[in-house]
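Given the structure of chain P, go ahead and fit chain E onto it with the hints provided.
What follows is each chain in one-letter form.
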Amino acid sequence: MLTDARLVAGKDLRLEYRSRVTLTQVLPFVVAIVLLFGFAFEPDADLLIDVTPGLFWMTVLFTAMLSVQRSFGVESSDGVADGLRLSGMHPAGIYLGKAAAVFLQLLALEVVLGLAVSLLYGTPIRGLGVLIVTALLATAALAGAGTMFGVLAAGLQGRETLLPLLFLPAVAPVLIAASQSFELALAGDSASGLRWSALLALFATVYVSFGALAFGPLLEES
Amino acid sequence: MSLRNVVTVLGGFPALAGVDLDICQGGVALLRGPNGAGKSTVLRLCAGLVALESGSASVLGLDLATQVTAIRRRVGLLGHQSGLYDDLTVADNLVFWSRAARAPKIDLGQIMDRVGLVPRLRDVRVGSLSAGQRRRTAMAVLVARRPQLWLLDEPHAGLDAAGRDLLDDLVAEAVGVGVTVLMASHDHDRALAIATQVVDLAGGINRAQLTETGGPSLLSPDPSGADAEATPATHPATATEPAATAPTPVGDH
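Protein chains in written order, with my numbering: chain P, 49 to 270; chain E, -9 to 243.
Hints were generated in silico from the structure; no laboratory data involved.
Warning: the hint list may mix true and false statements.
Computed footprint of chain P on chain E; a stretch qualifies when at least three of its residues, placed anywhere within it, have a C-beta under 8 Å from a C-beta of chain P [to be verified]:
no., stretch
1, 56 to 66
2, 73 to 86
Residues of chain E clear of chain P, computed beta-carbon distances all greater than 12 Å [as the list claims (entries may be wrong)]:
no., residue
3, I101
4, L111
5, A151
6, V161
A few chain P positions that, by computed beta-carbon distances, are all more than 10 Å from chain E [unchecked claim]:
no., residue
7, T72
8, Q73
9, A88
10, V99
11, L114
12, Q117
13, L155
14, G170
15, V181
16, P217
17, L242
18, F258
Virtual Cβ for every residue (Gly too), placed ideally from N, Cα, C.
So that you can see chain P by itself, here it is in the shape it has in the complex (with noise of 0.2 Å):
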């Protein structure tokens, strides 16, 4: 099964690597967001640097629906499908491999917004640990679940409408507790943080875990 993942992971990301899709398309996607958030806000400062955990997440939000689309969208054209199917691999493990795909992909653009929002919004940075453990936990979350929802709507008509139905209400709990867990953290209150992230932990733990289960039965239906 980790043999899967690693070989469909290691594709998805070669597949990145070859498109550019991400680089030319959802980082500047990214930075516009940010940018527009800002010229909304820029009369008051004080309330940009409050509501910068919500809009990084809100962010990270819209990001991971695309990722997800671009990640099944391969997967939909000229027979791809029949052939993952075809080939044996375990569905777990093909789960996995999207699913880390899409986790790094996804940290790698929380990095890029990291920076813009610390740089155009001046939001200082403190509790930089709890920050790093609440974005792993709350990105596998994410991409747990996207991974699980993205499968789901490649089945089914209208994908590309469906998919944000399904997956913004899902993670709806990991927006708030990985909000509510930087927002801590930014006001120096490590400690109330990481009870947050924990409460993350546990939601990635069940959205990848019920995903790795219902994913081959999904996929036979995509």
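Using the frame of chain P, we list chain E on its own:
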């Protein structure tokens, strides 16, 4: 490979309505029939990509109802679609699909040369290839995966004369090492030249089955008339089903 009274339903309609087939191991079986006869569905069924509604099926000695994963690992499907990632290079695709199938390590140069792909295409994205080159890349993937059963759906389509000859050579080579080939084709003259068995399908049921050990002796005219669209294919000497029992024809899937 053996199908017994196989029924499959796709989109609420019976795509196969009681097919009986026996395909000899190590041979080349040609599925003939008009559009909508169920040829593609038989191929996808044998690949474990279409659910068995009723009846029984054994592929490579494995039960299709209970051992579908094991069957999938042993079959290769060359269909209307290439099954390749457009944004990956030819080499990337070959390596990924062969590793996914846990095939022995491949010699990229040798396989590309075997299917007539020049070395400079190795690092070219599949999305930039011509239709014929994509087809040859799909053939290379099929060879690299080393399946025991080749399922070929209109394999000569989209290939030039040299490509069609190449495909026939690859089929002959595969059969030589014990691979079984089941192909659906409208290019009867070419397919009959390599087939050792012919199965006529119409309206989702098999109309006739003719088995010979010497391929050339099958070079008889298609009993249904080439590509007859509405008339069920029937061989007077080997028909197994009366024409009147044909269900409503449905589309290829």
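Legend entry - 12 Å Cβ clearance of E/V161 from chain P: holds (19 Å)
Inset, instruction - Examine each Cβ of chain E, and state whether all of them lie more than 10 Å from the Cβ of P/A88. - result: Holds, because the least Cβ-Cβ distance between P/A88 and chain E comes to about 35 Å, which exceeds 10 Å.
Inset, instruction - Beyond 10 Å from every chain E Cβ: check whether that's true for P/L114. - result: holds (16 Å)
Inset, instruction - Examine the stretch 56 to 66 of chain E for residues whose CB is less than 8 Å from any CB of chain P, and state whether their number is three or more. - result: That given contact holds, which follows from 6 residues of the stretch 56 to 66 of chain E lying within Cβ reach (below 8 Å) of chain P.
Legend entry - Separation of E/L111 from chain P, once the least beta-carbon distance is taken, above 12 Å: holds (15 Å)
Legend entry - Given as non-interface: P/Q73, partner chain E, CB spacing beyond 10 Å: About 13 Å separates P/Q73 from the closest Cβ of chain E, which puts it past 10 Å; holds.
Legend entry - chain E versus P/L242 - minimum CB to CB distance exceeding 10 Å, so not interface: holds (40 Å)
Legend entry - Whether P/T72 stays farther than 10 Å from all C-beta atoms of chain E, as the label says: Holds: least Cβ distance 13 Å, greater than 10 Å.
Legend entry - No chain E beta carbon within 10 Å of P/V99's: holds (37 Å)
Legend entry - Distal placement of P/L155 relative to chain E, Cβ over 10 Å: Since the minimum Cβ distance to chain E is about 21 Å, P/L155 lies beyond 10 Å and the statement holds.
Inset, instruction - Run the C-beta distances from P/G170 to all of chain E and say if the shortest one exceeds 10 Å. - result: holds (39 Å)
Legend entry - Given coverage of the stretch 73 to 86 of chain E by chain P, tested with a Cβ cutoff of 8 Å and a minimum of 3 residues: Our answer is that it holds, as 9 residues pass the Cβ test (under 8 Å) against chain P, meeting three.
Checked against the numbered hints given earlier, the structure satisfies every one of them.
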